[in-house]
Each structure stands twice: as structure tokens, then as C-alpha cells.
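Under the numbering used here, the residue at position 618 of the sequence shown is numbered 752, and the numbers go up by one with no gaps.
No lab work stands behind these hints, which were simulated from the structure alone.
Glycine is no exception: its CB is placed at the ideal position from the N, C-alpha and C atoms.
Do not take every clue at face value.
Derived lysine to any residue pairs resembling SDA-like cross-links, with alpha carbons at most 25 angstroms apart [to be verified]:
hint, residue 1, residue 2
1, K557, P567
2, K547, V537
3, K254, S235
4, K547, P415
5, K493, N642
Simulated restraints on C-beta separations [as the list claims (entries may be wrong)]:
hint, residue 1, residue 2, range
6, R247, V537, 49 to 57 angstroms
7, A246, E222, 16 to 24 angstroms
8, T427, S341, 27 to 35 angstroms
9, G545, D225, 33 to 41 angstroms
10, D418, P730, 27 to 35 angstroms
11, E323, N278, 30 to 38 angstroms
12, S341, I277, 39 to 47 angstroms
13, G559, H481, 27 to 35 angstroms
14, E689, G205, 39 to 47 angstroms
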Amino acid sequence: MQQNQQAHLRLFTRRTALLGGLKLALLGTLAGRMYYLQVVDADKYATLAEENRISVRLLAPLRGRITDRFGYTLATNDQNYRVVIIPEQTDDLEQTLRMLSLILPLSESDIARVLRDAEKKRAFVPITVRENLVWEDVARVEINTPDLPGITIEVEQRRNYPYGGLAAHVLGYVAAVAEADLTDDPLLELPGFRIGKTGVERQYDVSLRGSAGTSHVEVNAIGRVIRELQRKEGEPGQDIALTIDMGLQHFAQQRLAGELSAMAVVLDVVNGEVMAMASTPAFDPTLFDRGLTTAEWQQLVNDPLHPLTNKTISGQYAPGSTFKMMVTLAALASGIGPSHTVYCPGHMSLGTSRFHCWKKGGHGTLDMLRGLQHSCDVYFYDIARRAGIDAIAEMSRRFGLGVPTGIDLPGEKPGVVPDRNWKLGATGEPWQPGETLVAGIGQGFILTTPLQLALMAARIGNGGMGIVPHIRREAVFRPGDQPGAAPAGATSIGVAPEHMLIVQEGMNLVSNDPRGTAYRSRIEQPGMELAGKTGTAQVRRITAAERASGVIANEDLPWERRDHALFVAYAPVASPRYACSVIVQHGGGGSRFAAPIARDILIETQLRDPASRVPAPRIAAVGPR
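Build out the structure end to end from the sequences listed, making use of the hints.
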């Protein structure tokens, strides 16, 4: 019996020891794990805990300003006052909104929207009721805040364009970030953040955007902000200075205002700076930052005159007779001399087809200079046929036609300058001889933009230097500097100087000889004379029957069937500095409708002479010359 008790005691002792050992092992494991968590991994879990408690929020930086060449502000930032409501701070949300509507105009849809948002969001999250409040609205709300529980005024930045639509197509606009705009920049995910959508705002968006700041705030378990612990403001965006002279831009835009659709471009022929780039109709870019209504957006996009389009760089038009300088230079390069004469009876026959001159009775016998002076179509039919379309196309591209100019704006179209290979690739059909004649007067497949025509005139005026148009002003001139030097990268486009002189003299005769097609639009002030070329581009086919009975006058046709009016020029003739192109869409004859506009713009340009002026003090409105 005693032996059995001893054996049982030994078994109990072993079990006790085993269980005790297991407990000690478990306690040791737990202690080791606690040591690992609290000592070895302490920093890691402290960070995780801190991240649960501290929320880091991005702060949108101030967008950079855009100024003209003299420092006048074209795009800036204004304070946007908005009224918001915090639902948890009012016992009756709808009643508070009704009380607010007695102070601020609120529609039933506004109230319904806020109530819907309140159902979707946490009660402590502010909901925007109205934006873009004027100061009088802010004052009325602030005075009545004791009777408006949950209502507060917040301030943020909005984009403002002081001159409205005067430079809208150049500046572009900013708007909310779309899904297609998202990149790895976290700024783009901020609610309400705006980015450049068109124009300079888009081209230089990253520079204008700046870099984000940060705000470290303490939050509770459900995300309510308790307090701000640390704040670091972001880096403001870079200011961008443009080559535009806003005073000249204003003049050009106003000069076009009487036309349904028209464009004008002014270039510095020495360095390619864009002095003015006007297009009408225009739009107010401030509306896009505010947010367009559906009706406003539909009105803009459905307008047949396309006010949102910068037609100076993306509108493509047949150049008409403004193209004849290219045909002249191609003929000269092909060995056809300036003394080459052509008899114009008012038409030219090729096979069974007849190609007419704009002057029904013809011009008689003309040499090259007189052909340009009178813009004789038959003369250019002849030399185009002799030079050939490939030579004409190659010369045209040297002057910037049919290829992108390289301007630092988005949305530029290249135009079309056809040759044999182009037609074969585009249509699958070979080039026809009659198409060369039509191309000789700037019609047929040929398409150009107003900027390309201005660049062509500039390269003629500067003697054949390959300047590139640009809108951002890189250089900042100081008193004593010599402004307007040619850029280091400008090289010759490879046209013989004696050929350039012939074309320059022909353009001079167009404007300053009494028999020239643009003599009525000459500049009479001594030392400011222009050299130019008229153009009238048909948009419809004139049948033989119509010619026999009399061609219908433009003013008797529907607007969309009227000819385009064009004019290109540079000035002053003695020492060219500025080039200009004007297109009046469906305006009629170039000498009658486009040339007077270009003349007035070139007079204003020379009076202002922006290339020779140093920056003025930065003030808020366009001052006197």
C-alpha cells in the first residue's frame, strides 16, 4: 500500500514538473514576445500608432501668375469666399438652410443638394453651400452667424483673368482634374484642385502649379480633426512672363470685333516673339474655374463659330494669293528669272480645262514683279506649271508652311502643303497637272494657319532667317540693354538673297504703288510703310454657267459660302521689325476686308514698338503707350 502511494506521488510530481515547465516555457515565450514588441520593434509600432493618430494632409500651393512682356498681370489668384455648413452643429439642417436663404439666394435644388450630401458624409465634414461670394454677401453672413448654427465662411484661391476674353485663347483656362489628367503627382487628387486645360495654362502647367505644402493634424478614431500640430506651406508656382504686349493685344482684339470670325497674329521678325495673337469670337476663361453650367457649356461647344478654338494656331485655311510669294521663290530657284513674262487674257487653258484669272478681262503682259503687284492668277499658273509642285512644296516648308511652327502652345495644326508623294499617300491617286495650277494661286489642297502665314511674312521680312515663334519671354531686359537681338539658334533657311529682294520689292509694290492691289490700305506715315500681299480664298466652286451669267457677289451669298479674306505684311519696309497676318473668315476680298485691319494693327504696333521697350513697372491695367 505504501509503495503504491509512493509511486503515485512520484507520478504526480513528474506531472507537476512537466506542467510547470510548460507554463514556464509559455511565460518565457510571452515575455520574449512582449520584449520584442515593446523594445525591439518599439519604433515601428510607435510609428504605426502615430500614423493612426496623426493625419498628414496636402496643402495646395498658390498658382503662379502670368504676365505680359511689361509685367501687366494677365492671370492671377483671387480669394474665393464660400459658405459651408457643418451638419452636426445644427439641430435642424434644413431649417438652417432656409434661414440662410433669407440672406443669400438659395434655390430649392441648392438646398436639396446639401441635404443629399449630408446623408452621404460624416456629420462633422463641412459641406459647401455657395461659392464665389462677394464681400457684401460675406459681411451679411458673418453678421448673422449667431442665428445660423453650423454656418461658417471659408476662403480659398480661384483663378482670375483681369482682361476677360482679350487673351483667352493664348492664356487658356484652368478646370477641375479629370481622370485622364491623373499622374503620380498627389496634388492632382486634392478635392477642388485646378490644372491648366488649354493655352499657356496647359503648356506650362507644371511650372505654374508649384509644390504642395503639408498640414499635420491630430484626429480621433473616426477621423474628426482635433487640432493642427504642424503646418508647412508649399512652394508657390513660378510666374510666367509672355512675349505678348497686352496693349497691342487689346487693340488687335478690338479691331477684329466687328467680324463674326477673324484672326490676327503679330510677330517680331528678328527673334520670333509673338507680340499679339487675337482670335474672335472669344470666351471668358474665368467661367471655367468657377464652373460652367450645362447650358453655358452647350452654348460654347455648339457655337458654329467655335469660340473655344484658338484659330490662330489650329484654324486651317487656303492661303489664296498670299501663297504667291512661295511660288515666286520656287520659280526663281528653278531658274525662271524675274524678267520672265506672261500674257494674261483673263484665263489659261490646260487640255480641255480653263483656269480663270480674278480679273475677267486679263492683265495683259506682265513680268514677275508686276505679276506680284497685280496678283495676276494667269502669271502664277504659268510659273507654277514650270517650277512644279514638288519645288513649290519644298520652298514653302522652308518658310514654315505645311509643318508645325514649333510654338510653345498646345493644339497647333500643321496645315497642308501637298506634293506628289503626299497626294499618292493621302488619296492613292497620282498628281494631276491642273492641280499644280490651282496650287499656284494658293487653292486646292493647300491649308495654312494664321500663325504660319505670319511666320512666312516674318521670314521674308528678315531676309530668310529661320526664326521660331514663341509665346514665353525667356529674356528679361534691363535699362541699358539692347533689346530684340536675334536668337542664337536662328539660321538661314537657304534662300538666295537676290531672290528675297525680288519678293520683297513685289510686296512693296502691292502696298505702295498706286496700281498695287493693297494701295488703299497703305501706311502713309513716313518711315512706317508696310509691304504686304492680299489674298482671297474661295470656299466654293464657281461653275461655267455662273461665270457666263455673272459671278455672284460675296455679299449676296450665305455667310458660310463667302470667300475668306487674307492679308500678310511686314513693316517698316526700310528696316523690317514686325510681321502681321490677318484672316477674316468668309469676309470677302482680302484687299477690302483684311488689309485695312492689318494696316491698323501694324500702325499701332510701330507706335507702341514693344520690341524696343524695356519692362514697365508692374501695375494692374494697361497703361498708355
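>> Between the alpha carbons of K547 and P415, is the straight-line distance 25 angstroms or under?
In response: 19 angstroms, holds
> Does 33 to 41 angstroms hold as the CB distance between G545 and D225, or does it fail?
Replying inline: Roughly 53 angstroms apart at Cβ, these two residues miss the hinted range, so it is violated.
>> Assuming the hint says 27 to 35 angstroms, is it satisfied by the Cβ distance from D418 to P730 or not?
In response: 28 angstroms, holds
> Honestly, do T427 and S341 meet the 27 to 35 angstroms range at C-beta?
Replying inline: 31 angstroms, holds
> In this structure, is the beta-carbon distance linking E689 and G205 contained in 39 to 47 angstroms?
Replying inline: At 45 angstroms between Cβs, range holds.
> Keeping to a limit of 25 angstroms between CA atoms, is the pair of K254 and S235 held or broken?
Replying inline: 22 angstroms, holds
> Taking only the CA atoms, is the gap from K547 to V537 under or equal to 25 angstroms?
Replying inline: Between K547 and V537 the Cα gap is close to 8 angstroms, so the pair holds against 25 angstroms.
> Is 30 to 38 angstroms a correct range for the gap between the Cβ atoms of E323 and N278?
Replying inline: 36 angstroms, holds
> Do the Cβ positions of A246 and E222 conform to the proposed distance bound of 16 to 24 angstroms?
Replying inline: Between A246 and E222, where Cβ atoms are some 20 angstroms apart, the hint holds.
>> The hint says 39 to 47 angstroms between S341 and I277; measuring C-beta to C-beta, is that right?
In response: The hinted range 39 to 47 angstroms holds for S341 and I277, with Cβ atoms some 42 angstroms apart.
> Is the distance from the Cβ of G559 to the Cβ of H481 consistent with 27 to 35 angstroms?
Replying inline: Because 32 angstroms falls inside the window, the suggested range holds.
> Within 49 to 57 angstroms or not, the Cβ separation of R247 and V537?
Replying inline: 50 angstroms, holds
Consistency note: the structure conflicts with earlier hint 9 alone.
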